[in-house]
Amino acid sequence: MTRASVIISCRAAFARFVLRRFIPLRTVALVLQPATFIHRPDNDTYPPMKISPSLPLWSIASPILGWLVYAVNGLQPGGWFVALLVVGLMASVLAAVYHAEVVAHKVGEPFGTLVLALAVTLIEVALIVSLMLAGGEATTGLARDTVFAAIMIILNGIVGICLLVGASQHREQSFGQHGVSASLATLAAIAVLTLVLPNYTLTKIGPYYSASQLAFIAVISLVLYGTFVLVQTVRHRDYFLPPNAAGDAEAHAEPPSNKVAIFAAVLLLACLGAVVLLAKALAPTLEAGLDNLGAPKSVVGIIIAAIVLLPEGLAAVRAARANRLQTSLNLAIGSALASIGLTIPAVAVVSLATGWTLSLGLDVKSTVLLMLSFIVAGFSLSTGRTTVMQGMVHLVIFAVYLFTTIVP
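The sequence shown begins at 73 in our numbering and counts up by one.
Source of the hints: derived by calculation from the structure; they are not laboratory data.
Among these hints, one or two may not hold up.
Listed next, the in silico DSBU-like pairs over lysine-lysine satisfying Cα-Cα at most 35 Å (straight line) [as the list claims (entries may be wrong)]:
1) Lys331 <-> Lys352
2) Lys276 <-> Lys437
3) Lys369 <-> Lys352
4) Lys178 <-> Lys331
5) Lys352 <-> Lys437
6) Lys437 <-> Lys369
7) Lys178 <-> Lys276
8) Lys369 <-> Lys178
9) Lys276 <-> Lys369
Could you build the full structure based on these sequences and the hints that come with them?
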């Protein structure tokens with residue numbers, strides 16, 4: 073045996089002695105375990121959503137609080153009670169969107185974003201109709217202001233924040249062009265027909281439609297929105313699914329049970345009822361406060377749209393941060409479509425039933441901003457990829473809209 077062989081044998085024996093004497097066998101097994109068994113999450117993803125087997129207490133208490141606050145308001149407790157009305161309204165809105173998300177997760181994509189958009193739109197319609205019934209003919213432009221505000225908030229504010237936050241987190245994001253293009257085309261058609269065309273009709277000088285024209289446009293809006301829902305949920309459902317849907321941990325999280333989903337649907341209806349009643353109770357105070365501040369009446373529409381869209385906007389931003397831009401855009405643009413596609417027919421029915429004149433046409437400044445928003449959205453969402461540049465452009469347009477509304 074050579075000297076080198078002796079040295080190697082001694083080193084091997086010493087190594088075996090150390091492993092057996094000082095290191096537990098279990099630790100050695102873990103160290104020698106293949107690396108393929110060790111899972112490390114990707115830095116560009118977020119932990120999957122955890123679905124609770126039962127609804128959280130705050131989501132159950134919120135509609136109860138809303139109804140109780142409205143009941144006590146009938147006793148006319150005083151001006152200080154307005155703060156509780158606002159708290160009850162916000163709690164009911166947040167709870168309504170939460171329960172809509174539970175139901176949406178049960179039915180799956182793209183039905184999930186559709187359920188959430190419809191729930192938010194029902195809240196918006198309830199607010200508008202309740203304020204119109206409370207304010208009478210003085211609120212003829214409320215529906216126009218609210219729908220226009222919803223489009224601008226979604227198309228520039230929410231989409232801009234989503235693109236900026238998502239690109240800041242992931243540098244560049246991708247989405248399916250087919251679904252977004254169909255959404256934008258439908259939204260642009262309904263918006264122009266309902267908010268721009270009334271200024272140029274001859275049967276009745278704008279910004280108004282005649283009774284027959286208003287009924288026709290209401291039907292057209294429902295037809296376009298119904299066709300979009302058919303395309304989104306049945307005929308071309310894959311256009312609206314995320315490109316990496318198969319590997320999306322959150323999309324494949326375990327859905328809630330039937331019992332939880334049904335309970336959430338019942339609480340959703342309770343929340344919507346509370347929103348309607350609380351908005352009607354707050355209407356006089358809101359209008360008086362804006363009159364004292366000298367703010368334009370269109371600010372009321374912005375406030376309504378902002379209250380309704382806040383929870384859904386947060387959900388869209390969260391999806392963009394998690395690199396699920398397709399879901400984010402489905403939420404945002406789908407809400408704008410549901411807002412204008414369902415709100416206009418609803419207020420048209422109220423207008424035709426009560427005989428009130430409904431003012432729908434936008435002024436020149438608002439028309440320019442609306443056209444600019446659609447042109448920019450068409451360019452920024454035409455490639456299927458986005459960066460911080462597109463997000464910043466949308467946010468600048470949104471800032472201009474807010475500033476020129478307050479300082480016309």
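Results for each hint:
1. Between the alpha carbons of Lys331 and Lys352 the distance comes to roughly 32 Å, so the proposed pair stays at or under 35 Å and holds.
2. Proximity of Lys276 to Lys437 is assessed by CA-CA distance (about 22 Å); at most 35 Å being required, the pair is judged to hold.
3. Straight-line distance between C-alpha atoms of Lys369 and Lys352 comes to about 17 Å, which keeps the hinted pair within the 35 Å bound.
4. With a C-alpha separation of about 11 Å, the suggested pair Lys178 and Lys331 falls inside the 35 Å cut-off, and the hint holds.
5. With a C-alpha separation of about 30 Å, the suggested pairing of Lys352 with Lys437 holds against the 35 Å cut-off.
6. The hinted pair formed by Lys437 and Lys369 meets the criterion: a straight-line CA distance of about 16 Å does not exceed 35 Å.
7. In summary, the hint linking Lys178 to Lys276 is not supported, as the alpha carbons are separated by about 47 Å, beyond the 35 Å threshold.
8. In summary, the hint linking Lys369 to Lys178 is not supported, as the alpha carbons are separated by about 40 Å, beyond the 35 Å threshold.
9. Note on Lys276 and Lys369: the hinted pairing holds, with a Cα-Cα distance of about 24 Å set against a maximum of 35 Å.
Violated hints for the displayed structure, listed by number in ascending order: 7, 8.
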